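S.K.: What follows is the residue order along each chain.
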Amino acid sequence: MTTPILEIRNLHARIEDREILKGVNLIIPPGEVHAVMGRNGSGKSTLSYVLAGKEDYEITEGEVLLDGENLLDMDPSERAAAGLFLAFQYPIEIPGVATMTFLKAAMNAQRKARGEGELSTPDFMRAVKTAGTDLHIDTEMLKRPLNVGFSGGEKKRAEVLQMALLQPKMCILDETDSGLDIDALQVVSKGVNALRAANRSMLVITHYQRLLNHIVPDVVHVFSDGRIVESGDKDLALQLEAKGYADFDGAAA
Amino acid sequence: MRQTMPVRLGAAEDTLIAQLKSVGADATAERITVAGLPTRRVESYHYTDLKTLLRAVPPLAQAANEASAPALRVPGAYQLMIANGVIQSASTAPAGIIVGKADGGVLSTRDDILVHLNGALAKDSLTLTLESSVDPVIQIDRRIEGEAAHAADSLKVFVADGASATILETFSGSDAAHVGNHATYVALGKNAVLTHITVDLSARATSHFATNEYHLAEGAKLRTLVIHAGAGLSRTQLFPRYEGAGAHGDITGLNLVSDGQHADITMDATHAVPGTSSQPLFKSIARGRGKAVVQGKLVVARDAQKTDAKFMHQGLMLSDEAEILSKPELEIYADDVVCGHGSTCGKLDEDSLFYLMSRGIPQEEAETMLVRGFLEELVDPIEDAALAEALHGVIDGWLLGK
Amino acid sequence: MADYDDIPTLKENIDRATVDSVLALDVDKYKYGFETAIESDMAPKGLSEDTVRFISAKKNEPQWMLDWRLEAYRRWLTMTEPTWAKVHYPKLDLQDMYFYAAPKSSPAPKSLDEVDPALIAMYDKLGVPLREREILAGVERPNVAVDAVMDSVSVVTTFREELSKVGIIFCSISEAIREYPELVQKYLASVVPVSDNYYATLNSAVFTDGSFVYIPKGVRCPMELSTYFRINEKKTGQFERTLIIAEADSYVSYLEGCTAPMRDENQLHAAVVELVALENAEIKYSTVQNWYPGDKDGKGGIYNFVTKRGDCRGDNSKISWTQVETGSAITWKYPSCILRGDGSRGEFYSIAISNGYQQVDSGTKMIHLGKNTSSRIIAKGIAAGFSDNTYRGQVSAHAKAKGARNFTQCDSLLIGDKCGAHTVPYIESRNGTAVFEHEATTSKISDDQMFYCQQRGLSEEEAVALIVNGFVRDVLQHLPMEFMVETQKLISISLEGSVG
Numbered sequence: 001m002t003t004p005i006l007e008i009r010n011l012h013a014r015i016e017d018r019e020i021l022k023g024v025n026l027i028i029p030p031g032e033v034h035a036v037m038g039r040n041g042s043g044k045s046t047l048s049y050v051l052a053g054k055e056d057y058e059i060t061e062g063e064v065l066l067d068g069e070n071l072l073d074m075d076p077s078e079r080a081a082a083g084l085f086l087a088f089q090y091p092i093e094i095p096g097v098a099t100m101t102f103l104k105a106a107m108n109a110q111r112k113a114r115g116e117g118e119l120s121t122p123d124f125m126r127a128v129k130t131a132g133t134d135l136h137i138d139t140e141m142l143k144r145p146l147n148v149g150f151s152g153g154e155k156k157r158a159e160v161l162q163m164a165l166l167q168p169k170m171c172i173l174d175e176t177d178s179g180l181d182i183d184a185l186q187v188v189s190k191g192v193n194a195l196r197a198a199n200r201s202m203l204v205i206t207h208y209q210r211l212l213n214h215i216v217p218d219v220v221h222v223f224s225d226g227r228i229v230e231s232g233d234k235d236l237a238l239q240l241e242a243k244g245y246a247d248f249d250g251a252a253a
Numbered sequence: 001m002r003q004t005m006p007v008r009l010g011a012a013e014d015t016l017i018a019q020l021k022s023v024g025a026d027a028t029a030e031r032i033t034v035a036g037l038p039t040r041r042v043e044s045y046h047y048t049d050l051k052t053l054l055r056a057v058p059p060l061a062q063a064a065n066e067a068s069a070p071a072l073r074v075p076g077a078y079q080l081m082i083a084n085g086v087i088q089s090a091s092t093a094p095a096g097i098i099v100g101k102a103d104g105g106v107l108s109t110r111d112d113i114l115v116h117l118n119g120a121l122a123k124d125s126l127t128l129t130l131e132s133s134v135d136p137v138i139q140i141d142r143r144i145e146g147e148a149a150h151a152a153d154s155l156k157v158f159v160a161d162g163a164s165a166t167i168l169e170t171f172s173g174s175d176a177a178h179v180g181n182h183a184t185y186v187a188l189g190k191n192a193v194l195t196h197i198t199v200d201l202s203a204r205a206t207s208h209f210a211t212n213e214y215h216l217a218e219g220a221k222l223r224t225l226v227i228h229a230g231a232g233l234s235r236t237q238l239f240p241r242y243e244g245a246g247a248h249g250d251i252t253g254l255n256l257v258s259d260g261q262h263a264d265i266t267m268d269a270t271h272a273v274p275g276t277s278s279q280p281l282f283k284s285i286a287r288g289r290g291k292a293v294v295q296g297k298l299v300v301a302r303d304a305q306k307t308d309a310k311f312m313h314q315g316l317m318l319s320d321e322a323e324i325l326s327k328p329e330l331e332i333y334a335d336d337v338v339c340g341h342g343s344t345c346g347k348l349d350e351d352s353l354f355y356l357m358s359r360g361i362p363q364e365e366a367e368t369m370l371v372r373g374f375l376e377e378l379v380d381p382i383e384d385a386a387l388a389e390a391l392h393g394v395i396d397g398w399l400l401g402k
Numbered sequence: 001m002a003d004y005d006d007i008p009t010l011k012e013n014i015d016r017a018t019v020d021s022v023l024a025l026d027v028d029k030y031k032y033g034f035e036t037a038i039e040s041d042m043a044p045k046g047l048s049e050d051t052v053r054f055i056s057a058k059k060n061e062p063q064w065m066l067d068w069r070l071e072a073y074r075r076w077l078t079m080t081e082p083t084w085a086k087v088h089y090p091k092l093d094l095q096d097m098y099f100y101a102a103p104k105s106s107p108a109p110k111s112l113d114e115v116d117p118a119l120i121a122m123y124d125k126l127g128v129p130l131r132e133r134e135i136l137a138g139v140e141r142p143n144v145a146v147d148a149v150m151d152s153v154s155v156v157t158t159f160r161e162e163l164s165k166v167g168i169i170f171c172s173i174s175e176a177i178r179e180y181p182e183l184v185q186k187y188l189a190s191v192v193p194v195s196d197n198y199y200a201t202l203n204s205a206v207f208t209d210g211s212f213v214y215i216p217k218g219v220r221c222p223m224e225l226s227t228y229f230r231i232n233e234k235k236t237g238q239f240e241r242t243l244i245i246a247e248a249d250s251y252v253s254y255l256e257g258c259t260a261p262m263r264d265e266n267q268l269h270a271a272v273v274e275l276v277a278l279e280n281a282e283i284k285y286s287t288v289q290n291w292y293p294g295d296k297d298g299k300g301g302i303y304n305f306v307t308k309r310g311d312c313r314g315d316n317s318k319i320s321w322t323q324v325e326t327g328s329a330i331t332w333k334y335p336s337c338i339l340r341g342d343g344s345r346g347e348f349y350s351i352a353i354s355n356g357y358q359q360v361d362s363g364t365k366m367i368h369l370g371k372n373t374s375s376r377i378i379a380k381g382i383a384a385g386f387s388d389n390t391y392r393g394q395v396s397a398h399a400k401a402k403g404a405r406n407f408t409q410c411d412s413l414l415i416g417d418k419c420g421a422h423t424v425p426y427i428e429s430r431n432g433t434a435v436f437e438h439e440a441t442t443s444k445i446s447d448d449q450m451f452y453c454q455q456r457g458l459s460e461e462e463a464v465a466l467i468v469n470g471f472v473r474d475v476l477q478h479l480p481m482e483f484m485v486e487t488q489k490l491i492s493i494s495l496e497g498s499v500g
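Chains as they are written, first to last, in the working numbering: chain F, 1 to 253; chain H, 1 to 402; chain Y, 1 to 500.
These aren't lab readings, by the way, just hints derived from the structure by calculation. Note that the structure is a prediction, hence the values are computed from the model and not measured. No false leads were slipped in.
Which stretches of chain H does chain F cover? Using the computed rule of at least three CB atoms under 8 Å from a CB of chain F, they are:
#1 351 to 363
#2 367 to 376
No farther apart than 25 Å at their CA atoms in a straight line, the calculated lysine to aspartate or glutamate pairs in the DMTMM-like style are these:
#3 LYS365/Y / GLU321/H
#4 LYS112/F / GLU364/H
#5 LYS86/Y / ASP336/H
#6 LYS402/Y / ASP320/H
#7 LYS221/H / ASP380/H
#8 LYS306/H / ASP448/Y
#9 LYS444/Y / ASP336/H
#10 LYS54/F / ASP320/H
#11 LYS104/F / GLU350/H
#12 LYS400/Y / ASP56/F
#13 LYS104/F / ASP351/H
#14 LYS371/Y / ASP259/H
#15 LYS86/Y / ASP268/H
#16 LYS86/Y / ASP308/H
#17 LYS143/F / GLU350/H
#18 LYS104/F / GLU377/H
Note that beta-carbon positions come from the ideal geometry of N, C-alpha and C, so glycine has one too.
Assemble the whole structure, with the sequences as input and the hints as a guide.
M.R.: See the structure below:
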């Protein structure tokens, strides 16, 4: 059996006194797209933050392997260099830092961490231009400060652009559909689908089934009260949409 | 009923009194004899207690023999130099500039010890008359060289109606316990546009004091940027007065302080007539046991209706021991105005740091990136590219020079 | 109110009602300006060691209290009046005023029946009910207990028995000095040191009365406690001293109100209020200050020089100040919180309205000493007429106050172009982990707002009152219910004559 891209074993995490993840188990083999669905407050966004290494959470139990490497020992930048990418639900606005400057810094930092040389400016520009065209991102937008004053759609497209440039092994998309109209959703989904590859896996976190019409998952998991309570194929998502989450409450108990 | 307690004078005050008497400035000497240097009880010096901070004053400066390299070079700039209070002869001025000299100091009388000292000790002043728009950056290189010296110098600038210019003042010198007292008086004619940048790059041992007074006529536009990035003790006082309708000031400043440094930017702005506006923006970054101070007062005179003035100070703490102290003030006597101020203080935003790191940027690099981003708002509006690059160099030099 | 004697003889054919309504437009709108004829016991005029001894003797104080007062008096002699506030006023001649005045009839009434009916009637007129039986008959449960202080003495404290059942002590400070000396000695001046400032030191020497509240451990005070301060006598200063102690896990909400007759002379009110909150305790202190502000030409009015400070001594304790300042000629007042206990919290909600020639310099200090302490300041200043209204506040995080947080919002509203609104915050972060946010705005009531309200049929004054009440809403909601409606009315009255 090949090494899974992501393997989560009995993961428990808390913020202050509140336990939010209560034993998450998940294996994502290479090339697969998994969806995690759950109602608001079920802890699915926490899962994405914990995987990316946000400091606010304390891991009390369990382990996470990225392509066989222990993820939890790394700081967020090391996780990124190891191939983990989180597309934020609410991308952070960073005044004063031009998007282009940021992209170059991120790409070079990851290359450096992997022992690769820096990209030349023409190579970098070419890469950005290519990736940007499909996402309808022009260079004017990239001169603006990172995410500052971007519309909801621009923010999400910029996230996918970063994903395309950084070429991660494991992509986590946290509520990528939130705040998008239908047109923007199609552009973003198309961008994500273009990145599907045999050596890249994805975890799509969403509240609505709608996104999964565009990014069709191999496996769907239902998340409730800090753990996965049900797994199935893409039809599970339709079932959820029809019946709601109530049927799955406490299913694992 | 009660007697005023006599003020106990320290070594710095004794020296100042002797120096003032030696140049015949008896009134100022008497003032120091009676009141001493200002302590925290004097409101405008609340966070910069000169009596405690200024322990010694070196002898009055003599003409300099040698000169160190310019602290900051801006390609294409027209340079003028004042060394140890002495105005140096200049090369031929570009079109539109008349360079001259006048006797004595330049500042308007005001109840402030630094203003009094400059008025008493500055022998002559460099005058610049900008008759029409001047393209190259005009750099006034003010420095104190040689053994520790107390130097006072002054500059007077007239910007004619409709003219525009960029003036950069740099302060530097030898590595000695100098006390520099610098004054700049700027009058902007109708619709004149001026960018005025002052950068302190003096040695750590130096105490740097500067006072900039601005008068804005109708429609005049002023942008300032004060950067404190050198002296152990620095204070720049900014006194803009908006005297004609449509006058606008973007008064900005930056304190960069490291362990043991104390930097203070104090603004006292007056909107004297109806229909003027200003947007003062100050930032402070402190690390180690550095201390940064920003005071900013907006005074709106009676009848100065439709004034639009917003003051902002943002402090960034890079260490647990740093101190950032601020006192924004509003003094408003007209009712139909939009005035406000804000002051924030904290460390780097954790969400931003996490976002950058989640893209693979290591922590230290991510922090530097955020700090640069935090400061970009101050440098970005400066149009001269070579000047902006030089200022980025000053900021990066501080960031990397831990 | 102006007496009818002052009116020129009525002309024929003009009816009394017309004259009344015209007069009502002219005279000041201060509705508590009446004087009550009650015979008083006075100290000799002026201030000396003898005055201090006289007051102490009148109060039957123990020797330690007299010694404490004399010590304060001697210190005061070496101090000078502060000048940093943005207020200007003719100095008071302390030798030309009385430091003690007490209604003769009731130095220490044992029950309400012994209280001079004229006094009860006066408080009725002020809207402060003192008769327990009537209050009890009227409502199911009493919700406010009152300590009524007139000039220099507490005349009556209601519901004391009811409160004592749960161990709460609510009495005058004079009585507490006699009856609970160990509590007084432990806490008096432990928050505001004797030599804190000129007025506080003066108060320590000559304070006459005020309230004392002690809430035992774990007790939630079952009703609002309140003190009603009234200056009645001429040329008399009022030096109130209030001390509130909330033991661990207790809660109390306390209100104070103040009024005085209209007089041409300036009178001094120099109070000291100290609050101590121990572990997990919460004290909510609300003030509606409506001392006589002086007449429309700036003549007369109270000088209100007050030191109020709360000490969050225990971990996770909380002190909340809410003030509505509409009265006084001069106000100099900064209710503050010392956030000593880890996790403690301070709040300051303020409405300060100035009209006529009033001068207000008021605000707060939030001193963060403990870890994870937090504070919140919402101050609304409204200046009208020829008045000056200054917010002055300090927020300070000391080196050990890791994780300290403050949020401050100061808004000023100017009504008319002859007044001034000023904001002077001191923001001092001495700690890299502290997070401070301060914001201040100054504006006027927009013409659009006025037009909209007037188009809907409101008069100019009604429109102003409505908009101002909206402007201060964030603060109003922190007042106890009983005070909210009264305060809204008070705001309207304070601003009468400010437009047009």
